[in-house]
Amino acid sequence: MKVAVLFDRFGPYHIARLEAAAKYVTVIPIEVSGETSEYQWDKVESKVLKNRITLFAQKESTSIPAIQLRQTLAQELNKVKPDVVAVNGWSDRSALSALAWCLENKVPAVVMSESAAGDEKRSWWKEFIKQNIVSRFSAGLVGGIRHADYLQELGMPKPNIFIGYDVVDNDYFQREADKARSQRAFWQQQKNLPENYFLIVSRFIQKKNLPFVIKAYHDYLKNANGQAWDLYILGDGPLKPQLLQLTNELGLQHKVHFEGFKQYNELPIYFGLAKAFVHASTTEQWGLVVNEAMAAGLPVVISERCNCVPELVHTSRNGYVIDPNNQQALTQIMTSLSNGQDNPEKMGQESRKIVATLNADAFGQGIRNAAQAAQNTPRKRMGLLSNFLLKRMINR
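Read left to right, the sequence shown gives residues 1 to 396 (UniProt numbering).
Read the hints as simulated data drawn from the structure, not as lab findings.
Glycine is no exception: its CB is placed at the ideal position from the N, C-alpha and C atoms.
Do not take every clue at face value.
Said to hold, decoys possible - Computed spacing ranges between beta-carbons, pair by pair:
no., residue 1, residue 2, range
1, Arg181, Ala117, 38 to 46 Å
2, Thr335, Leu244, 24 to 32 Å
3, Glu249, Arg379, 53 to 61 Å
4, Lys191, Gln227, 49 to 57 Å
What the hints assert, rightly or not - Straight-line distance between alpha carbons at most 20 Å, and here's what the computed SDA-like set of lysine to any residue pairs gives:
no., residue 1, residue 2
5, Lys391, Gln68
6, Lys275, Lys353
7, Lys275, Lys391
8, Lys106, Gln71
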């Protein structure tokens, strides 16, 4: 079975998923753009990406005219003739263009979704449009139970929804983090890292809630009696000037460290030498970086608004779930992790056990199962209203 898998741009965390899928189906990897400003990844290579199709090597997807995007994608799909097409989400223009091609050519489509009902306030008319679009897909592959519930609310039959979308290369992060730990003195000197620190890996945008963490950390410092762990923040983004200013205003320049964006091969070093991982987003469709931290063997402190929580975070066993507005609670958790009340090493071991159930092979099996279900599901006819809504969404 030939399955075309469409993403905006392939990054490091796609490789393990696609390689796992290639064990079960013939993968046709298609990326819309060869570059993006959202993520500063180096170009990735692997056996499964050797025959990748890049629609626009020198353009970001947002700069491509809708008609050009749809025509170019259709040309490539006509060449490779997939049995099933799997697309990322139901709102992106490229995903909708692929869905339109599938409907025109009677090819079943699978939606890979990580949207949940509680991500944001919902309006009836937007939900009506989504229901019309989602009903044109034959099956779904989702990250977890919150996504599955929402996809079912939008009209996808429960037997056609499969879990396994939000996974990372667990083996890589476990192996490389342990390697970094075995060379702790070397990497501490190379990266100028302290013995103990909390770690954040994030884009510097509003929903990541970084000022909240920095303020909670400031309060934690006041009661740590000189034994406080440092706070290391990896990433970049438009809010960097404001975050630096806040850090300076609170007098945290020597305890809060902004290390910049790190490529995939560097991340396990920081995970391996950290003591705990914090992710306090006000909304988060999943949070793959949580998988990475857990595979690396860290306890995690995660916002209840992250949709990975039901599957990945078991309070007091491998970490804590926090209210992203409760600064005092985060301060108390930082204190208990660093003062001996908790056992971070044991919690990190539990993290590895929990995340092991969501490994790369789960994506491979999920793609296969969703593709099979899609092929076995009768295709619905494209009504006039659905056709109108789909075209409006593509051309918006």
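Here's how the hints hold up against the structure:
1. Take Arg181 and Ala117: their Cβ atoms lie about 40 Å apart, and the range 38 to 46 Å holds.
2. Between Thr335 and Leu244, the C-beta spacing of about 25 Å keeps the proposed range 24 to 32 Å intact.
3. Evaluation of the 53 to 61 Å hint for Glu249 and Arg379 yields a pass: the beta carbon distance comes to about 59 Å.
4. Separation of Lys191 from Gln227 is about 22 Å and departs from the stated range, judged on CB atoms against 49 to 57 Å.
5. Restraint check: the Cα-Cα separation between Lys391 and Gln68 comes to about 14 Å, which is no more than 20 Å; the hinted pair holds.
6. Our distance criterion of 20 Å between C-alpha atoms is met by Lys275 and Lys353, whose separation comes to about 17 Å.
7. With a CA separation close to 50 Å, the supplied pair Lys275 and Lys391 exceeds the 20 Å bound.
8. Of the pairs offered as hints, the one joining Lys106 and Gln71 holds, with about 17 Å between alpha carbons and a cut-off of 20 Å not exceeded.
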